[in-house]
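2 protein chains.
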Amino acid sequence: MTEPRTSVTAAVLVIGDEILSGRTKDKNIGSIAERLTEIGIDLREVRVVPDEAEEIVAAVNALRARYTYLFTTGGIGPTHDDITADSIAAAFGVGIDVDERARAMLLERHKPEDLNEARLRMARIPHGAELIPNPVSKAPGFSIGNVFVMAGVPQIMNAMLDAILPQLSPGIPVISETIDAGGLPEGTFATGLSAIAARQGGVSIGSYPSMTQSGFANRIVVRGRDAEAVAAARAEIEEMLAKLRP
Amino acid sequence: MTEPRTSVTAAVLVIGDEILSGRTKDKNIGSIAERLTEIGIDLREVRVVPDEAEEIVAAVNALRARYTYLFTTGGIGPTHDDITADSIAAAFGVGIDVDERARAMLLERHKPEDLNEARLRMARIPHGAELIPNPVSKAPGFSIGNVFVMAGVPQIMNAMLDAILPQLSPGIPVISETIDAGGLPEGTFATGLSAIAARQGGVSIGSYPSMTQSGFANRIVVRGRDAEAVAAARAEIEEMLAKLRP
Numbered sequence: 661m662t663e664p665r666t667s668v669t670a671a672v673l674v675i676g677d678e679i680l681s682g683r684t685k686d687k688n689i690g691s692i693a694e695r696l697t698e699i700g701i702d703l704r705e706v707r708v709v710p711d712e713a714e715e716i717v718a719a720v721n722a723l724r725a726r727y728t729y730l731f732t733t734g735g736i737g738p739t740h741d742d743i744t745a746d747s748i749a750a751a752f753g754v755g756i757d758v759d760e761r762a763r764a765m766l767l768e769r770h771k772p773e774d775l776n777e778a779r780l781r782m783a784r785i786p787h788g789a790e791l792i793p794n795p796v797s798k799a800p801g802f803s804i805g806n807v808f809v810m811a812g813v814p815q816i817m818n819a820m821l822d823a824i825l826p827q828l829s830p831g832i833p834v835i836s837e838t839i840d841a842g843g844l845p846e847g848t849f850a851t852g853l854s855a856i857a858a859r860q861g862g863v864s865i866g867s868y869p870s871m872t873q874s875g876f877a878n879r880i881v882v883r884g885r886d887a888e889a890v891a892a893a894r895a896e897i898e899e900m901l902a903k904l905r906p
Numbered sequence: 661m662t663e664p665r666t667s668v669t670a671a672v673l674v675i676g677d678e679i680l681s682g683r684t685k686d687k688n689i690g691s692i693a694e695r696l697t698e699i700g701i702d703l704r705e706v707r708v709v710p711d712e713a714e715e716i717v718a719a720v721n722a723l724r725a726r727y728t729y730l731f732t733t734g735g736i737g738p739t740h741d742d743i744t745a746d747s748i749a750a751a752f753g754v755g756i757d758v759d760e761r762a763r764a765m766l767l768e769r770h771k772p773e774d775l776n777e778a779r780l781r782m783a784r785i786p787h788g789a790e791l792i793p794n795p796v797s798k799a800p801g802f803s804i805g806n807v808f809v810m811a812g813v814p815q816i817m818n819a820m821l822d823a824i825l826p827q828l829s830p831g832i833p834v835i836s837e838t839i840d841a842g843g844l845p846e847g848t849f850a851t852g853l854s855a856i857a858a859r860q861g862g863v864s865i866g867s868y869p870s871m872t873q874s875g876f877a878n879r880i881v882v883r884g885r886d887a888e889a890v891a892a893a894r895a896e897i898e899e900m901l902a903k904l905r906p
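Going down the list, the protein sequences come from chains W and R.
Take the first sequence: its position 167, counted from the start at 1, is 827 in the numbering used here, and no numbers get skipped.
Take the second sequence: its position 202, counted from the start at 1, is 862 in the numbering used here, and no numbers get skipped.
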């Protein structure tokens, strides 16, 4: 809303029929979101697309043009349905081949005689890409331009993020303060909150209801990059809530 | 991949700064995906966008043009950051006002004297929309054209889906069979699986690794709308795996 734009933005592209079928529940979006927020990078958009080359290419090209960074998850294993690397090469208009650095990484896990054609698919890397190490199962991810291509298995994805994040341009971290409105219904404080939001520039104020055993619980979150502005908004909100409490 | 296209498709649009910040972990995508799959509707795309009108309008117009149905979650509460209804009206180019049917629903929960301006925001409905009942907290969702606008709180979203799903054109349900490859590494069966996938038309075959305490566990999923084709693919895959097991 009124949150100041910074120059460091990101999108996530989840590649996965299994997410769209509901069979697998995505855990990566939330992890990436948290970790980007910590270093001041604004996650601005997420898309989930099926394992189809034309859908992946279109989404990659739309998102990499629009945001500072794009992170993809999924589709880099050895089976026929793992088409992410080829799709990324197509999106960038570059060739793709078995990469000797990637083959060497696979040989850390597999005997040369076990490095069959299927496993070598995991060493197919678009020309010009840098590898992202995979300490869990060796098959690397890669980055090309502003696109970081990671595994879909959460443990591996997180290990790849560990390697990627220190390379990124950090933004100015957002300060986030959560005010527990307790059982006060949103409808009792919404008008006051709106007035505060209009008055307090440079912060974004959100109200997030959730349901508990005993009814709604509401949290108000103030976010911004200027500590004084966040503190001022928080103080105003707490004062308003105190007046409303019975 | 090779899955047959059907004419009933869907997209989900999650509207939520709190998801993009990582503070709240989305649970709705997986629920909607499961429930659509059950009735044969193909969820083809998911997007998450921030609470910004121009982002919402652009995503709504892109997705509603492309898929049979679009489901949105989030942003229909009483606070200033709840801008979904206005954004949907803008996307459709229609007006928006307090809807008397929606006001009556709110009066089932709130005394007339408590129906303040903020709460009346929840009765603002784009012209021409149909209401979606909310048995949990009364404030309705709505549908307009092929777009279904639901709450973000999972319990309410699911209750709204209960009302929506019987109204939709069901597709032919996809039959899904999961074959547990156990500890067999993907690299050992990927070549054989690829050959089966190429041979067995009309089904899509995916291989989904996950990590357990004892290493990778791999599941192979065969999906399709023709029971015989799914059974044939399953039989071929089981035969192949049996040969590979020590």
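Hints were generated in silico from the structure; no laboratory data involved.
Be aware that a few hints might be false.
Given that identical chains are not distinguished, each listed pair holds provided it fits within a single copy or across any two copies.
In the EDC-like style, the derived pairs of lysine to aspartate or glutamate whose C-alpha atoms are separated by at most 20 angstroms in a straight line are [claimed, not checked]:
| # | residue 1 | residue 2 |
| --- | --- | --- |
| 1 | 685 | 899 |
| 2 | 685 | 837 |
| 3 | 903 | 774 |
| 4 | 687 | 822 |
| 5 | 903 | 777 |
| 6 | 798 | 768 |
| 7 | 903 | 773 |
| 8 | 798 | 694 |
| 9 | 687 | 896 |
| 10 | 798 | 777 |
| 11 | 685 | 698 |
| 12 | 798 | 760 |
| 13 | 903 | 822 |
| 14 | 771 | 760 |
| 15 | 903 | 694 |
| 16 | 771 | 746 |
| 17 | 771 | 896 |
| 18 | 903 | 760 |
| 19 | 771 | 715 |
| 20 | 685 | 840 |
Owing to the predicted nature of the structure, the values given are computational and were not obtained by experimental measurement.
Each hint tested on the structure:
When the C-alpha separation of residue 685 and residue 899 is checked against a cutoff of 20 angstroms, the pair qualifies neither within a copy, at 40 angstroms, nor between copies, at 29 angstroms. For the identical chains of this complex, residue 685 and residue 837 are inter-copy neighbours only, at 17 angstroms across copies versus 29 angstroms inside a copy, given an alpha-carbon limit of 20 angstroms. Proximity of residue 903 and residue 774 under a CA criterion of 20 angstroms is satisfied inter-copy only: 17 angstroms between copies versus 70 angstroms inside one chain copy. Taking the shortest alpha-carbon separations for residue 687 and residue 822, only the intra-copy value of 16 angstroms comes in at or below 20 angstroms, while the best inter-copy value is 25 angstroms.
For a Cα distance limit of 20 angstroms, the shortest separation of residue 903 from residue 777 across copies, 19 angstroms, qualifies, whereas the shortest one inside one copy, 69 angstroms, does not. Proximity of residue 798 to residue 768 under the C-alpha cut-off of 20 angstroms is restricted to the intra-copy arrangement: shortest distance 7 angstroms within a copy versus 59 angstroms between copies. Taking identical chains as interchangeable, the C-alpha atoms of residue 903 and residue 773 lie at most 20 angstroms apart only when they sit on different chains, with a minimum of 19 angstroms there against 74 angstroms within one chain. Taking CA atoms no more than 20 angstroms apart as the test, residue 798 paired with residue 694 passes in neither setting, with 25 angstroms inside one copy and 32 angstroms between copies.
In this homomeric assembly, residue 687 and residue 896 never come within 20 angstroms of each other (Cα to Cα): the closest approach is 36 angstroms inside a single copy and 32 angstroms across copies. In this assembly of identical chains, residue 798 and residue 777 lie within 20 angstroms of each other by CA distance solely inside one copy; the values are 16 angstroms within and 58 angstroms between copies. Only between protomers do residue 685 and residue 698 lie at most 20 angstroms apart by alpha-carbon distance; the minimum there is 16 angstroms, versus 24 angstroms within a single protomer. Proximity of residue 798 and residue 760 under a CA criterion of 20 angstroms is satisfied intra-copy only: 14 angstroms inside one chain copy versus 61 angstroms between copies.
Proximity of residue 903 to residue 822 under the C-alpha cut-off of 20 angstroms is found in neither arrangement, the shortest distances being 45 angstroms within a copy and 39 angstroms between copies. In the homo-oligomer, the alpha carbons of residue 771 and residue 760 lie at most 20 angstroms apart inside one protomer (15 angstroms), although the nearest pairing across protomers, at 72 angstroms, exceeds that limit. For the identical chains of this complex, residue 903 and residue 694 are neighbours neither inside a copy (33 angstroms) nor across copies (44 angstroms), given an alpha-carbon limit of 20 angstroms. Taking the closest pair of Cα atoms, residue 771 and residue 746 never come within 20 angstroms of each other, the shortest separation being 25 angstroms inside a single copy and 60 angstroms across copies.
Taking the closest pair of Cα atoms, residue 771 and residue 896 never come within 20 angstroms of each other, the shortest separation being 64 angstroms inside a single copy and 28 angstroms across copies. Proximity of residue 903 and residue 760 under a CA criterion of 20 angstroms is satisfied in neither setting, with 67 angstroms inside one chain copy and 32 angstroms between copies. For the identical chains of this complex, residue 771 and residue 715 are neighbours neither inside a copy (36 angstroms) nor across copies (50 angstroms), given an alpha-carbon limit of 20 angstroms. For a Cα distance limit of 20 angstroms, the shortest separation of residue 685 from residue 840 across copies, 18 angstroms, qualifies, whereas the shortest one inside one copy, 29 angstroms, does not.
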